[in-house]
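With the hints as your guide, set chains B, C and D onto chain A.
Protein chains in written order, with my numbering: chain A, 1 to 299; chain B, 1 to 299; chain C, 1 to 299; chain D, 1 to 299.
No wet-lab data here; the hints were simulated from the structure.
Since the model is a prediction, treat every value here as computed from it, not as a measurement.
Some clues are possibly wrong.
Stated by the list, open to error - Distance condition first, Cα-Cα at most 20 Å in a straight line; then the derived SDA-like pairs of lysine to any residue:
| id | chain 1 | residue 1 | chain 2 | residue 2 |
| --- | --- | --- | --- | --- |
| 1 | D | K296 | C | R282 |
| 2 | A | K296 | B | D268 |
| 3 | A | K67 | B | I21 |
| 4 | B | K67 | A | H252 |
| 5 | D | K296 | C | H252 |
| 6 | D | K67 | C | S256 |
To be verified - Each pair of labels, with its calculated beta carbon distance range:
| id | chain 1 | residue 1 | chain 2 | residue 2 | range |
| --- | --- | --- | --- | --- | --- |
| 7 | B | H165 | D | T105 | 42 to 48 Å |
| 8 | A | A230 | C | M286 | 51 to 57 Å |
| 9 | C | G272 | D | T105 | 42 to 48 Å |
| 10 | A | R210 | B | R24 | 39 to 45 Å |
| 11 | A | N57 | C | R104 | 40 to 46 Å |
All C-beta atoms in this analysis are idealised placements derived from N, C-alpha and C, irrespective of residue type, glycine included.
Number of protein chains: 4
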Amino acid sequence: MREEGDGMTARPINPGAETHIGVRHAVPHIGAITLRDYCGTDAAISRAARVSYGRENADRGADADAKLIGFLVRHGHTSPLEMAELVFQVEAPIFVARQWLRHRTASVNERSLRYTEPTADAEIMPAAGLGDLCADPDPGASKQGRGGPVPVAGFARVMVRDAFHRTAHAYRGLRERGVSREQARSVLPLATMTAFVWKVDLHNLLHFLRLRCAPDAQRETRLLAEQVAAVVADAFPLTWSAWTEHVRDAPHLSASAWRALAGCLDPDALAGALGALPERERRETMSLITAAWAAKGGA
Amino acid sequence: MREEGDGMTARPINPGAETHIGVRHAVPHIGAITLRDYCGTDAAISRAARVSYGRENADRGADADAKLIGFLVRHGHTSPLEMAELVFQVEAPIFVARQWLRHRTASVNERSLRYTEPTADAEIMPAAGLGDLCADPDPGASKQGRGGPVPVAGFARVMVRDAFHRTAHAYRGLRERGVSREQARSVLPLATMTAFVWKVDLHNLLHFLRLRCAPDAQRETRLLAEQVAAVVADAFPLTWSAWTEHVRDAPHLSASAWRALAGCLDPDALAGALGALPERERRETMSLITAAWAAKGGA
Amino acid sequence: MREEGDGMTARPINPGAETHIGVRHAVPHIGAITLRDYCGTDAAISRAARVSYGRENADRGADADAKLIGFLVRHGHTSPLEMAELVFQVEAPIFVARQWLRHRTASVNERSLRYTEPTADAEIMPAAGLGDLCADPDPGASKQGRGGPVPVAGFARVMVRDAFHRTAHAYRGLRERGVSREQARSVLPLATMTAFVWKVDLHNLLHFLRLRCAPDAQRETRLLAEQVAAVVADAFPLTWSAWTEHVRDAPHLSASAWRALAGCLDPDALAGALGALPERERRETMSLITAAWAAKGGA
Amino acid sequence: MREEGDGMTARPINPGAETHIGVRHAVPHIGAITLRDYCGTDAAISRAARVSYGRENADRGADADAKLIGFLVRHGHTSPLEMAELVFQVEAPIFVARQWLRHRTASVNERSLRYTEPTADAEIMPAAGLGDLCADPDPGASKQGRGGPVPVAGFARVMVRDAFHRTAHAYRGLRERGVSREQARSVLPLATMTAFVWKVDLHNLLHFLRLRCAPDAQRETRLLAEQVAAVVADAFPLTWSAWTEHVRDAPHLSASAWRALAGCLDPDALAGALGALPERERRETMSLITAAWAAKGGA
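The following block holds chain A by itself, in its conformation from the complex:
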């Protein structure tokens, strides 16, 4: 049975996704992601949404699709986004995989240290170089690793490398004495590399990206998530554009903050400022403003 390589299919084809199939996107010292399979396209998402209206067979063109997808994403009607699916191979240290797999709405098959064992230093000690170590920007705060790379004295690296060597030594010692892999693994560090197949629909993938590409996400996870994001941006350009506009880059304002800000808006400037928005969104935004003014006035 033919499995890999170019072949004919009767399925919808996603040109942006096709260019990534089988291409390994690596992040030095951390890991890599590779798109293995997918189903769905921006057009398929639009078509699924049009089923609600009984118009799934209408061919509306990319402009109508863009408008519809913008509407879906803006109003949180995300079920059509579940109609696209992506399958990635992910290589990452265990402490990154732990965060990744906390996202429950995905299918996963992961390498097990019950059935395999790290054979090379490269696997036991992937982070021996440790990439870029980041200092706490504010050691007293709970915020993590956002200070950007800072020089860590060579002595620290030596300590880490030494700890990893002892760890590898202990692992092998236990194995040689007949201790099972599943128990011996307990001495391995959280930096040990793992690999997993990760199959996820586009709605849940975008939720993952919102959390894991955020500035306060762990740096190692974020760098891999950004590789995933680049694939998504190529494969689903209309959905990506709607999502960055209406979710990723949208401001989170509370009801109180919004009422306060609405009171600072210059009414005379609004018409001009909002003129560039799509008609429907302009109307909805004006409604929000007048509602806030009314609430304010009433208060």
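Coordinates of chains B, C and D only, in the frame set by chain A:
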């Protein structure tokens, strides 16, 4: 085994929820909801969130809980909200149940027309009075039932009642001729009453309420959902308050709309206007504003 | 963007699934299913399972895949089966769709009677012919529709047709008087046709088939589910074969029944009888027998 | 707001569960589990199942409940089991938590090494004593840790202890040099302790127990899972009894194995042997046998 009525428990107790246990909240001509069981409180949600920080045993008091829950809801850290669970008995017509059960992250046991049959006109024709019929506000648009109650000529009610009578007649005729319940039910109208146990965690329940209490939700579903909302507001006052402030009543602005609006803000008025916000939210809101100004200036 | 028709892809290709893409499999008087898209193959399932062992790149051939998939299905290691996904268009009456969509682990977009309205008698009254009506085999029991088709007097059909005509009449009457679609639909019968896109992974699809192809499933749902089953059997022959052998056609015996039966086994006949089983399964089956004998002897 | 300690509730009370609330069940050198909250009882499960029949208000007594729950579990009608929910606090090493949290249908809040840091050797090196190390029963096979405890030379323990000390040293060294917690943690071993709140419904909990209490499960995970199992057995005695009888201890036989075994059954012994089974199960078991004989005869 003792099952109902007041008894002693070592579990956390939710005073607001207790007052609703076993109380049937009915909506005339549509249905009813009854809280049967629950677990969790606002304090339990806070405690679950503090597990991340290894401080789950600290007793911080309601003020600290309110602040923490506000932070969780504002930043979309919703997993602690899954720690509360509610079990409702719901009675509703099938066309409402269809929307309700489209929400997949819940546990459900529903009455089956394979095993029961409507025995009284009240069950086959619950909507014979049909409650308030709502005209299309704009017959050409896809918007539904938002015109508020309007008089529907008595003749229309007569037609509906007649259709229901024929339907009931056909159902009984098929049953008398030995046709199975599961097939005979196909003639029953979507207005036929059903009942189900619905167990859902608070995170998914709030998502349900956001969609089903919205102004554009189906009126019949919305009226029942508002009864559910009233129970939630009593049982989880801190979470409810955070959710209305940061989700339900928060404005949905796109990145473009926000940049446009930021340009209309009067800088001199801001400090005063935002002064009433909690310190951390005030700071984050100012960051959003200056980022929008910078993006604007850079463009 | 190219969407339909044959094209080149770098993805794994499933020859059995390809032959079904876009082919509408209809069941007269009930509905139809059409495969729209898929990802995955038997080989991809095996490969995902081999990730656990770090051997996902080994090409083992169909025999090794069959053996591995048999092992996975027999031992309930179902996560690799989630790696295949199928997207169907389903057309069915609402009472069938209600059962279908009770399966929660799937993605769905369904036609809405809030946005569309049945325009032809064929849509309002799909079951006017009512296909084959089935009598209760045992009118006193709760078992349903298993008596096979039986003649239902023409008079019953006339009643049903009359009820549907009145229903359609009432629906149109309400609409003409300006009642919204979402309210007017409440008079429509459960036999009204609906349509939905249904995306589901192979593990959850097989669970659906186990329940909905069972002899006690509702006849109308079963006939459509059997069309889905035929597609799955063509697309995933190894998984299908393992599943029928180890799940669908496997006996459900309790621990007590098994101990009782083991006591009735003729020890001399066993070796010959089990000789045809695969070596590993033969060994595991013998272990079950000797364990039951030991439990029996011990009691 | 009252949170802990005995108080009055109008909810159904589960006497078996109440005795475990707040009781920490520890496994030396490995971890502990503590029941924090619950909802549901065997009777509530039965009542939910009776909703299908419209008989949820009937009080049937424990015998009828036992019979109904046996039927549900035997036939895989598991949705009523979702109506019970349990909330545990779990303390375990990370390599155990990784397996535990692979079960996706649960709600989880876990301690994060981004926000906390191990302060005592006891936390960094919980397994320094390493409990019982288990040798591979068959070093060439993939089977793990099933040889029972075996003596591991004191030298191996010294190596492990040394590796843990170096690890702890490296962690502290990195922290002192200002490296963030989220990066420094990468040197910590998989044996590092973690803690999490785990909320799961009874259906998914039993699925967890089936896999994690199995003889081939990892020993450390199994020992903790058995503590969970003991709580479930006390809290849901009817469901537990049905599940051990129809799932945990039931034989997994393929269709082929069953046909082969049926041919070895002594027909004269059957009636006596099956006499002790409940009537309905006896009938269903005889049907399986005669069907296998017929298939055999036909082949």
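Outcome of the hint check:
no.	hint	result
1	D:K296 - C:R282	holds, 18 Å
2	A:K296 - B:D268	holds, 19 Å
3	A:K67 - B:I21	violated, 46 Å
4	B:K67 - A:H252	holds, 17 Å
5	D:K296 - C:H252	holds, 18 Å
6	D:K67 - C:S256	holds, 15 Å
7	B:H165 - D:T105: 42 to 48 Å	holds, 46 Å
8	A:A230 - C:M286: 51 to 57 Å	holds, 54 Å
9	C:G272 - D:T105: 42 to 48 Å	holds, 44 Å
10	A:R210 - B:R24: 39 to 45 Å	holds, 40 Å
11	A:N57 - C:R104: 40 to 46 Å	violated, 28 Å
Comparing the model with each numbered hint stated earlier shows that hints 3, 11 do not hold.
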